[in-house]
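Build the full structure now, drawing on both the sequences and the hints.
Take the sequence shown: its letters are residues 1 to 1175, numbered as in the UniProt record's numbering.
These are computed hints drawn from the structure, not numbers from a lab. These numbers were taken from a predicted model, which means no experiment stands behind them. Heads up, a few of these hints could be off.
Pair by pair, the computed Cβ-Cβ distance ranges are [claimed, not checked]:
#1 769 with 636: 57 to 63 Å
#2 357 with 590: 43 to 49 Å
#3 84 with 342: 52 to 58 Å
#4 1132 with 360: 23 to 29 Å
#5 911 with 158: 15 to 21 Å
#6 485 with 819: 18 to 24 Å
#7 670 with 953: 52 to 58 Å
#8 525 with 1126: 58 to 64 Å
#9 90 with 357: 53 to 59 Å
#10 1002 with 62: 52 to 58 Å
#11 1065 with 69: 21 to 27 Å
#12 421 with 1064: 17 to 23 Å
Think about it this way: if two alpha-carbon atoms lie no more than 30 Å apart in a straight line, the pair counts; the simulated DSBU-like pairs of lysine-lysine are [unchecked claim]:
#13 373 with 391
#14 373 with 339
#15 558 with 373
Cβ atoms here follow ideal geometry from the backbone N, Cα and C, with glycine treated the same way.
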Amino acid sequence: MSACVRYAGQSYTYLLDSVTKDHGRPAAGSPMTRYYSAHGTPPGTWLGTGLAGLADGRGIPEGSFVTPVQMERLFANGEDPATGTALGRSPHVYADGDPRRPVAGFDFTFTAEKSVSVLWALADPSTRELIYACHRQAIADVVALIERDVAKTRIGTNGVAQVDVRGVAAAAFDHWDSRANDPNLHTHVVIANRAQGPDGRWRTLDSRAALRAVVAMSERYDALLADHITARLGLDWEYRERGPGRNPAYQLAAVPPELVAAFSRRSAAIDAETDRLIEAYLEAHGRRPDAVTVLRLRQHATLATRDTKAVHSLEDLTSQWHARAAEVVGASPTAWAAKALAATRSLAPAATERPDALVADAAEAVLAALASKRSTWTRWNVDAEVSRALKAHRFATSDARDAATAMVADEVARRSVLLTPPEVAPVPTALRRHDGGSAFRPHRSERYTSQRLLDAEARLLAAGRDRNGPALATAPESAPGALFDDQADAVAAIATSGHVVDVLVGAAGSGKTHALAALRAAWESEHGPGSVVGLAPSAAAADVLAQSLGIGCENTAKWLVEHDAQPDRLHRIDRARAAMHAAPDVATARTLADHLARLTAQVEQWRFHPGQLVILDEASLAGTLPMDRIAACVGDAGAKLLLVGDWAQLSAIDAGGAFGLLARNCGPGVPELGAARRFAHAWERDASTRLRVGDPSCLDDYDAHDRLSAGDHPAMVDAAYLAWAADERAGLRSLLIAGDRDTVRLLNERARAELVAAGAVGANGAVLHDGLVAGVGDRIVTRRNDRHLGVGEGWVKNGDTWTVVARHDDGALAVRREVGGPAVVLPATYTAEHVELGYATTAFRAQGATVDTAHAVISGASMTREVLYVALTRARQSNRAYVCTDVLPEPLQGFADVAPTSRGVLTAVLSHVGAATSAHEVRFDETEAVGSIRTLAAEYETIAHLAEAPHWTALLGQSGLTSDQVRAIEASPAFGALTTSLRRAEAHGLNVDAALPALANRADIGAVDIASVLHERVDGWTTASIAGNRARPARLVCGLIPAASHAVPGEIAAALMARERLLDERADLLVERARAAAAPWLRELGPVPAGAAARSRWEKRARTVAAYRERHSVTDAARALGASAVADRQQANARAAAAAALSVQRGLGAMTPSPEARIPAAQAPGLERQSGVGR
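Listed below in structure tokens is the structure:
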């Protein structure tokens, strides 16, 4: 299952484009049967318990067909599909020219495993109907889970409270095939971004919850589909490998891999287009094209057919599938399917009704899988792994599987370490969800880690503080001009620090190698030759470090494996010594002595020595646990570990984040190379620095220097390839980079086709694991370390690039490094499994490379800031981005009526941080978030609204408004803002009871939303009264938040009082931190007075300013209140209060309270025309 966002506008029409215009067969049956002969797919059907709230509460029948009018109402306009009335607040209307669109829904695409689709395509009608029913039942099961655990809405200030909804309303559209017309049973379930909260009001869904649960729901669908198919058809399942970097596929054992492979390509459309191009060639040239030209024509056909999808009837598709399958099974496909089904086991599944025995083993496996992949995890991550762990076990019902999943997940949570702190204040019952959880904590948002990882991080932090490591007596001196200032400072700091673990942060192109060479020379001058050794997370990176510094280097995994073998070597040494003393003759003793010498040399090779400097390069790619083990070995040996890397570049594949933790823990004193020196152009040095920290202003520079291109995916692939090929022909060393493996494969296929056509590469070759071919002359990359394949003084490493010099009949390839040297033969099995074409690469493999030019295909949402930074910093002369403004691979990944721009895509990528965060930092961030002014203030105001709403409603009813108007105000999205403004007025001592009738007078004239009108009037009256010194001293929590004065006693009052106390304590803490750090913004408050009373007043003003800064995320270090722009009235009022606190020190005078407040004549309410208020 996959998911994407769908936006308001016309994007929903994609689902209607393929829907048949025929009425279908009148006979009863599923939509698949009814529309079997119809040209197109069946109409969509409604599903979800949220349908009951539509049609003004009468409901829409589940399973009824979806009409185009209903789709437009719900997914374009946010309206009731039956009546056309607005469902809650109207969708936001953006300004002209703004490409953004409000979210209309979430498209969850449920796709059956390929073997299921193949059996469904070839089976008899009754079996096909059963498989389809299993697919739809699995979807229904998952939608029920989504309604229970995923679908939530948000209420309160800043949406701080996440509450349950009364189900979802969704439209489901069945599709039968892929773009290549291969069998691909899948259903688009588009869940509307409208749902009823517990109070019956329609609101938008919490998109955070919907997107976080995608993987878990996908894994659950796969498992449930397997349960249903086994229960109905008695079929067995098996895991099948899908190549490097991909999880094994769970497929039907009865469907052979070769049949799956035959239907897993876009061959139909490509073959048809290739035939058309061949015919055109024949007509133009009078002869058929040769094999090389056909290969090139097929490549063009691949590109030309990428965005097209023909519509056929299921009847026509079935005929095509049977014809294609006959070529593989060699008989009637229907007969093959019947035979496969007849060979099944009993229809009674081996249901695991009592999963108790599974819990311990499954929990252990799940925890190990989580800890190997990530430093922290949520319950959604746990659920996804549990579903994978239990996938091979069959359950008789979805409830039984759900219960087993919950048991294992609970056990995993029990064995994990909870990083999210417990609730810091009581939560009223009215703000708890049906499961008892606090609405102030998003469902399943708690973060966990393992004790092992926490301990490893703690040891690394302690080693970073330990100053008992080796050091140089004096800072090394370099020849004038040998090092830049930042390089010299970093070398000196590292060499003399005495830290057991040190960190060197170096941005791309900042001269890390040059600085390390100077450090190596200085270290060896005092500690002797061989006192500097190198490590790196990959063998290729270790090789680069060894060549750059001229030192011995190894990859971390190999070093740890060999180090773990030390006890066995020492035992063998003891045995060899004993045997040598008892040797019967001199020859035996000499043999044993040689053996002992070899063992001793190995022991020395795989351990560190006192005084050594161990350089771990590309340390951001190193996992936390391996890094901890290496640091421990270094410390035990009396050596020093230097971690070299960049937190802004790509992180470890496994649980990482330790490098960033250590770098940030050092604070501003961390040794860092700040200047980017790789680039030939000064503007690019500056732009790359801003790119590194995600500053979108850098895009202006790249755009101004023509470094950005934009278009759809095929066009960008073509443009990037052509530019790269031109650079290669010009003799430049160029990189062709893509963000995903599919695009890398496409670029490799294109490059090889062009080279074959040019006669530079042999047309025939060995078939690789991704289906491409490598022949003589091709550039390839090896993807697995194999020390048995020696070449010169080295061996074949993962990431090495080679040129094929010969091809053997058995599929083996003779290859030579691009820089020359001896050749090595890659065996046929290695070639088939661990070799890829090397013309294009991913950003991950490109990290650490330096070339002349680089061309990167930017594939939108799959990219992160770190990937973009690496992709645009590899080259000295030119780094270019080719930005795909369409979606991958279907046009359903959420698009607006206005096509996205390259700037929009890249801005989104810059905001998507993918770097791993350490468990220590996550725990700190979680604690800070729970206790922040922003969180506590939003919770306080939400509870205050809950407590005071009845009072304000009654007062509104006494102010001249009709009961219908009061009900409209209560239902308005602006009601919360109105009650906040009324509470603010009371907090400033204003007589709201007396003023409200005048404020409410004629508030409905021309108003779209009376609550919004009243909010503006009350707010304006309060502000004017404060400015006119007619208000009394305000009762404001932290000097900012109007205190509640009408709270009912009991749990709500206790919740408010607890938060008032926490807010004051937090403000005190923020002031303490600011003073300890000598924050520049404190200067605006003036020096701390000496007298107790004056100091108390100063601290009160400081708390107000500090609270304002945290609540509104002010990061400006120099200006106390930051920029003058404010987001809304709430921030404007808070800024005014904070500014008043500052004004005392600035000598502008304090507010003088007035004994009475009244509506000033200038602020008397008048007629207000509201054209868009509240929308």
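Comparing the hints with the structure gives:
A hinted range of 57 to 63 Å for the beta carbons of residue 769 and residue 636 is inconsistent with their spacing of about 42 Å. Residue 357 and residue 590 have their C-beta atoms about 59 Å apart, which leaves the hinted 43 to 49 Å range violated. For the pair residue 84 and residue 342, the beta carbons lie near 54 Å from each other, so the given range of 52 to 58 Å is met. One distance hint, 23 to 29 Å for the beta-carbon pair residue 1132 and residue 360, is violated here, with the actual separation near 57 Å.
Taken as a hint, the range 15 to 21 Å holds for the pair residue 911 and residue 158, whose Cβ atoms sit roughly 19 Å apart. The beta-carbon spacing between residue 485 and residue 819, approximately 34 Å, falls outside the hinted interval of 18 to 24 Å. In this structure, residue 670 and residue 953 meet the distance hint of 52 to 58 Å, their C-beta atoms being roughly 57 Å apart. Distance hint check: the CB atoms of residue 525 and residue 1126 are about 59 Å apart, consistent with the given range 58 to 64 Å.
At about 54 Å, the beta-carbon gap between residue 90 and residue 357 stays in the expected band of 53 to 59 Å. Look at residue 1002 against residue 62: about 46 Å separates their beta carbons, and that is not inside 52 to 58 Å. Evaluation of the 21 to 27 Å hint for residue 1065 and residue 69 yields a failure: the beta carbon distance comes to about 56 Å. Remark: the range hint 17 to 23 Å for residue 421 to residue 1064 is upheld by a beta-carbon distance near 19 Å.
As the CA atoms of residue 373 and residue 391 are separated by approximately 19 Å, the hinted pair is consistent with the 30 Å bound. At most 30 Å may separate the alpha-carbon atoms for a hinted pair to count; residue 373 and residue 339 exceed this at roughly 42 Å. Proposed proximity of residue 558 and residue 373 is supported: the alpha carbons are some 20 Å apart, at most 30 Å.
Checked against the numbered hints above, the structure violates hints 1, 2, 4, 6, 10, 11 and 14; every other hint is satisfied.
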